[in-house]
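Engineer: This is what each chain is made of:
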Amino acid sequence: MPLSNREEEELVRVGPGTASGDVFRRYWLPVQAAANLGGGRAGFSGANNPLRIRILGEDLVLFRDGSGKPGLVAEHCSHRGTSLFYGRVEDQGIRCLYHGWAYDRDGSCIDTPGEPPDSNFKLTVKHPAYPCLEVGGLIFAYMGPTDKKPLFPKYHQLFEQEGVRVAGNGGYVEQCNVFQALHDNNLDPWHGEIAHGWYRGRPPAVTMHHGRNGDPATPIKFERTPWGTRMVVLKSTAKPGKYWYHETHTVWPAQRCNFEGARSMKWAVPVDDYRTRWFTVDFYPLEDGEPPEEALRAANSRFNIGHVENLPIDWAQQVGSWWNLGHPWRQGNLWEDEVAQQTQGSPERHFLPDWEQWHLASTDRGLALNREVWRDQIERVRQGLDPIGVVRDATDDKPIRITSDDVRDLSWDEGMRLFNMSVEERLGMVLASVR
Amino acid sequence: MPLSNREEEELVRVGPGTASGDVFRRYWLPVQAAANLGGGRAGFSGANNPLRIRILGEDLVLFRDGSGKPGLVAEHCSHRGTSLFYGRVEDQGIRCLYHGWAYDRDGSCIDTPGEPPDSNFKLTVKHPAYPCLEVGGLIFAYMGPTDKKPLFPKYHQLFEQEGVRVAGNGGYVEQCNVFQALHDNNLDPWHGEIAHGWYRGRPPAVTMHHGRNGDPATPIKFERTPWGTRMVVLKSTAKPGKYWYHETHTVWPAQRCNFEGARSMKWAVPVDDYRTRWFTVDFYPLEDGEPPEEALRAANSRFNIGHVENLPIDWAQQVGSWWNLGHPWRQGNLWEDEVAQQTQGSPERHFLPDWEQWHLASTDRGLALNREVWRDQIERVRQGLDPIGVVRDATDDKPIRITSDDVRDLSWDEGMRLFNMSVEERLGMVLASVR
Amino acid sequence: MPLSNREEEELVRVGPGTASGDVFRRYWLPVQAAANLGGGRAGFSGANNPLRIRILGEDLVLFRDGSGKPGLVAEHCSHRGTSLFYGRVEDQGIRCLYHGWAYDRDGSCIDTPGEPPDSNFKLTVKHPAYPCLEVGGLIFAYMGPTDKKPLFPKYHQLFEQEGVRVAGNGGYVEQCNVFQALHDNNLDPWHGEIAHGWYRGRPPAVTMHHGRNGDPATPIKFERTPWGTRMVVLKSTAKPGKYWYHETHTVWPAQRCNFEGARSMKWAVPVDDYRTRWFTVDFYPLEDGEPPEEALRAANSRFNIGHVENLPIDWAQQVGSWWNLGHPWRQGNLWEDEVAQQTQGSPERHFLPDWEQWHLASTDRGLALNREVWRDQIERVRQGLDPIGVVRDATDDKPIRITSDDVRDLSWDEGMRLFNMSVEERLGMVLASVR
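Residue numbers (the numbering used here), protein chains in the order written: chain A, 1 to 435; chain B, 1 to 435; chain C, 1 to 435.
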């Protein structure tokens with residue numbers, strides 16, 4: 001399956017008017033962690049309100065008006081282009097520094113102080129604005145056509161109440177496009193064995209192998225699901241006769257759902273064509289009425305990586321080799337995935353990979369499936385249809401339970417029973433267990 | 001009046017061969033503060049002599065030879081391109097480091113040490129050079145066609161003797177083009193009320209309003225003048241029944257003349273298409289035979305902003321939000337105008353604004369008039385005529401007195417008498433008062 | 001001889017598929033100092049092994065496997081493009097971090113851990129790799145077509161045994177193309193007098209002149225040689241009646257051979273179209289069985305300039321004027337040649353010179369000859385012939401002795417006898433003396 005640079009470049013572009021950009025603009029996307037945005041009291045403008053945000057190649061300003069609700073508008077004032085990031089947030093909206101034009105959360109122009117009071121001029125100005133929702137510790141926006149706006153999808157990690165929810169701060173930005181960051185990496189079990197195992201000093205082929213001690217090669221399958229795709233692996237473990245059932249999902253447009261009981265939902269949101277911001281919400285159900293230890297650790301951990309801004313585009317290159325532990329930009333997040341993904345491109349190609357030099361192999365079936373499903377969504381959107389997973393009808397507006405999981409210490413037969421289940425069987429099993 | 005990006009981009013380009021560049025090249029332009037250029041003694045080359053200068057997109061080297069006079073030549077040696085910034089200033093001119101070719105202030109090649117002494121080769125080399133004049137604390141150059149060189153315009157701020165002259169050091173460079181810095185901002189009274197008032201904590205609508213306490217809306221007019229354009233405003237004040245007469249001029253090609261008695265002349269000189277350097281000369285007449293306090297304050301103040309070099313093109317973006325007072329690049333000059341002007345562009349458009357998104361309103365009549373007058377000058381220059389304000393005939397070679405002014409504590413009738421004067425009446429009044 | 005920017009730009013480009021790049025790719029080129037590359041013990045991967053290398057515009061990774069031999073391969077893994085700079089060097093080759101594909105020094109894919117053990121997939125993958133040789137303290141690579149690979153040229157500086165060899169560390173990178181760094185500067189005797197004399201405070205015209213004290217003008221000649229070109233000058237000295245015979249060679253593709261007894265060979269290797277890395281090997285024969293003082297000084301000196309990485313492309317511009325001694329990037333190597341060469345270009349032209357503004361004179365005959373010989377090699381390579389100096393036949397595989405020299409304290413007649421010798425006579429004389 002040789003790739004074509006022309007086709008891949010089309011695939012990874014996400015700005016306004018691009019094919020993949022049009023797909024992203026049909027979903028609700030997280031744009032900021034709610035805790036990072038200040039404001040909320042009447043007339044208040046100050047630290048962290050507004051914030052400058054770049055999403056899908058668009059420069060935007062996020063603010064919280066006196067109602068406490070977030071607004072997301074184009075950065076440049078509709079009057080003469082001055083950045084609203086330097087504007088003042090007021091009770092009703094945001095006001096430009098230069099001539100004082102003010103806009104509310106809907107983009108309506110609500111004041112033009114220099115115009116006569118009887119002028120209707122401001123009614124002729126509509127500033128670009130996107131609807132926002134604050135859910136589960138994140139602020140989501142819908143950046144697509146108004147008449148296509150879907151219902152907000154009720155992922156259980158965002159809405160469930162009997163447990164502890166830990167939302168990351170969105171400070172982790174990868175210097176690569178969303179396909180490198182998510183779609184090529186999510187259904188890719190072997191890099192777990194190599195990059196996250198062997199390269200951490202583990203001997204090779206512990207959890208995956210091609211046949212060992214009488215066991216056949218590690219069973220792996222890739223499939224379509226109602227939400228996108230999934231990978232199922234029955235891994236070996238250090239304990240003879242004990243197996244580890246692992247199921248990870250790609251939820252459209254660019255979400256990783258993984259861990260035990262689908263605990264974690266991670267959104268990979270394109271900043272632009274060569275940067276991707278990660279948002280994450282983990283939901284830990286209570287155990288015996290108490291938050292599990294792991295949840296408390298997570299809530300206090302540095303997994304919530306600090307906000308990293310203004311890194312040069314070639315930062316990974318500048319950090320230097322894998323062993324250069326002391327570089328100040330490293331900040332603890334130059335992990336294996338980042339190095340693997342962020343060094344695929346080259347400066348000559350504006351950090352896009354040279355896909356035509358790639359040699360895809362049997363380990364890349366998950367990557368191929370994700371591309372195939374993505375291209376289907378491009379086609380659906382072109383035809384005016386909803387892409388996969390979009391919730392539109394009130395009858396579909398109910399909690400969404402992805403079937404991602406990790407189950408350990410299984411016998412071979414127990415493991416294979418789970419492995420062989422269809423998506424529908426798995427979903428039935430999970431829904432039964434959580435009711 | 002929707003703007004067209006194509007037309008505006010043509011308007012703001014100032015390099016050699018551009019329409020607006022050709023207009024600028026028909027005037028004498030300040031290129032450096034005289035105090036910043038070292039040298040002047042025979043054979044002396046050292047600190048601040050030569051200096052590298054970028055004006056109208058051209059890379060130049062400014063030096064002072066043994067006569068004490070300034071020379072302005074192309075940066076790259078006519079031999080093999082080595083930068084003359086690394087050359088040595090000598091009694092007769094500047095000598096290149098590489099093979100020692102020397103040029104005088106006129107660009108004549110006066111030495112080629114490697115050529116035989118009887119060679120006439122050097123007579124075949126003419127290095128690009130522009131005539132310079134040192135006037136009123138600034139060094140001016142004329143960068144246009146020789147046969148179109150005008151007389152130097154005798155602005156009173158540069159030539160008057162009975163008072164104190166304070167010349168700025170030219171260290172203030174705005175990261176925006178000259179139209180953003182000057183032409184769009186100079187005849188724009190409402191941003192004074194909003195950006196320089198409201199945003200400094202003043203309640204809105206103090207000096208300008210749309211009708212208040214029985215007064216009609218603040219009178220404003222914009223007009224053409226013999227030197228360019230002017231704005232006249234009869235402002236309200238905190239004192240009931242007292243009004244403030246305010247008249248500011250745009251003097252072509254890109255000068256702001258303002259303050260009481262036209263005290264201040266400020267030149268906005270394009271470094272290139274996206275940076276503008278400000279030069280200023282204020283002349284304070286003696287009061288009772290003494291320099292006024294304000295003049296002494298100005299001469300000792302930090303208004304003479306330090307030389308800021310090598311800022312990245314997106315420095316305003318990097319400085320961060322309006323409240324980020326501690327950023328080292330801020331240096332005290334990130335004032336309201338700068339933020340308003342420098343954030344109109346975007347990196348995608350190489351920091352040009354996206355004018356097609358602008359919505360011009362009644363407050364933008366001054367901007368529109370300045371554009372109209374500028375386009376007239378493009379047309380005049382295309383036809384081989386002098387643009388506005390150029391002094392060519394000896395009979396016109398006399399002091400130039402712009403009518404800019406600020407007069408306070410006027411009654412409504414006194415104020416409106418000044419407001420209603422034609423440019424000719426105002427000029428007659430001013431000339432009578434200074435004789 | 002007016003130059004054409006179009007022709008010169010074609011000349012200086014060295015990437016794959018360019019005319020000059022094709023010439024360079026027909027020679028063995030140094031790519032790193034051997035001492036800079038770590039590794040060599042089985043299974044060892046760590047500090048300085050691998051290294052990232054950029055040569056002729058290609059991004060490469062240099063490593064030393066368990067055999068101790070160097071390998072030079074394309075930076076981006078043939079699987080999915082991850083940088084092998086982050087890979088691990090093992091006994092047999094280098095292994096990618098992401099999915100563990102491994103390559104040996106020949107570019108053969110020797111392991112794909114995720115593929116089934118009976119798969120022949122890895123045999124279908126050939127990773128780009130260039131043959132390497134470690135000679136005289138440098139690592140050389142041949143980056144051209146396999147069927148054109150020449151024998152390694154046995155320059156005496158690299159192979160001679162009875163003396164002291166001092167290899168530089170390759171840390172000196174000029175921010176200009178290889179023509180500015182080498183071909184335009186090597187046969188250019190007058191800049192020695194001016195840039196390296198006059199500008200260091202020496203009075204002008206000491207060693208070269210146009211006739212003085214009864215002597216005729218300094219004799220200079222430029223000629224083709226079997227290895228490229230040479231310049232011969234009979235210089236004057238401070239001692240009346242004593243002359244200095246100076247002969248310097250350009251050895252193809254881009255080597256400077258100079259100093260007494262051709263002691264020094266310096267390679268100018270294009271990093272890409274606007275940067276050039278210098279490698280140097282000096283060989284000092286024993287004197288009375290002892291290393292000469294000068295050799296010991298050189299071996300311990302800072303002439304081996306520290307590795308300078310990640311300088312911005314406009315670093316020379318940022319360092320500022322000639323007298324700005326304290327700039328941290330200066331590192332002692334901002335000498336006259338660098339300033340002269342690195343400031344010929346301008347940012348607008350991506351640091352290429354604007355050759356059409358050049359005025360070549362009689363002092364530029366050496367530059368012209370080097371261009372002429374270079375263009376001959378482009379033509380030869382186009383015709384499938386070997387360029388000049390390439391060693392192919394076993395019968396030619398013998399020590400190469402360039403005739404560069406400096407001989408001082410000669411009488412006029414002794415000097416002119418050497419000066420008037422043909423290249424063949426000089427070669428015979430030198431070969432006779434070293435046998």
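Treat the hints with care, as some may be off.
Below, computed lysine to any residue pairings styled on SDA-like, alpha-carbon distance capped at 20 angstroms [stated by the list, open to error]:
id, chain 1, residue 1, chain 2, residue 2
1, A, K69, A, P128
2, B, K126, C, S108
3, B, K122, C, A217
4, C, K126, C, L151
5, C, K148, C, E356
6, C, K126, A, L3
7, C, K154, C, A432
8, A, K122, B, H209
9, A, K242, A, G21
10, A, K398, B, H210
11, B, K126, C, D354
12, B, K122, C, K69
13, C, K154, C, R165
14, C, K221, B, A298
15, A, K122, B, P113
16, A, K149, B, H209
17, C, K126, A, L360
18, C, K122, C, D91
19, A, K154, A, E338
20, C, K154, C, V164
21, A, K242, A, E223
22, B, K126, C, S362
23, A, K149, A, D354
24, C, K221, C, E356
25, C, K122, A, E7
26, C, K126, A, F259
27, C, K69, C, N36
28, A, K398, A, E414
29, A, K122, B, H210
Across the chosen pairs, the derived CB separations fall in these ranges [as the list claims (entries may be wrong)]:
id, chain 1, residue 1, chain 2, residue 2, range
30, A, E9, B, H350, 54 to 64 angstroms
31, B, D118, C, Q383, 39 to 49 angstroms
32, C, N120, A, N420, 28 to 38 angstroms
Think of the hints as simulated: they come from the structure by calculation, not from any bench.
Note that the coordinates shown come from a computational prediction; the quantities given were computed from them, not determined experimentally.
Ideal Cβ placement from N, Cα and C applies to all residues, glycine included.
Engineer: Of the hints stated earlier, which fail here?
Structural biologist: Failing hints, ascending: 2, 4, 5, 9, 10, 12, 14, 15, 16, 19, 21, 23, 24, 25, 26, 28, 30.
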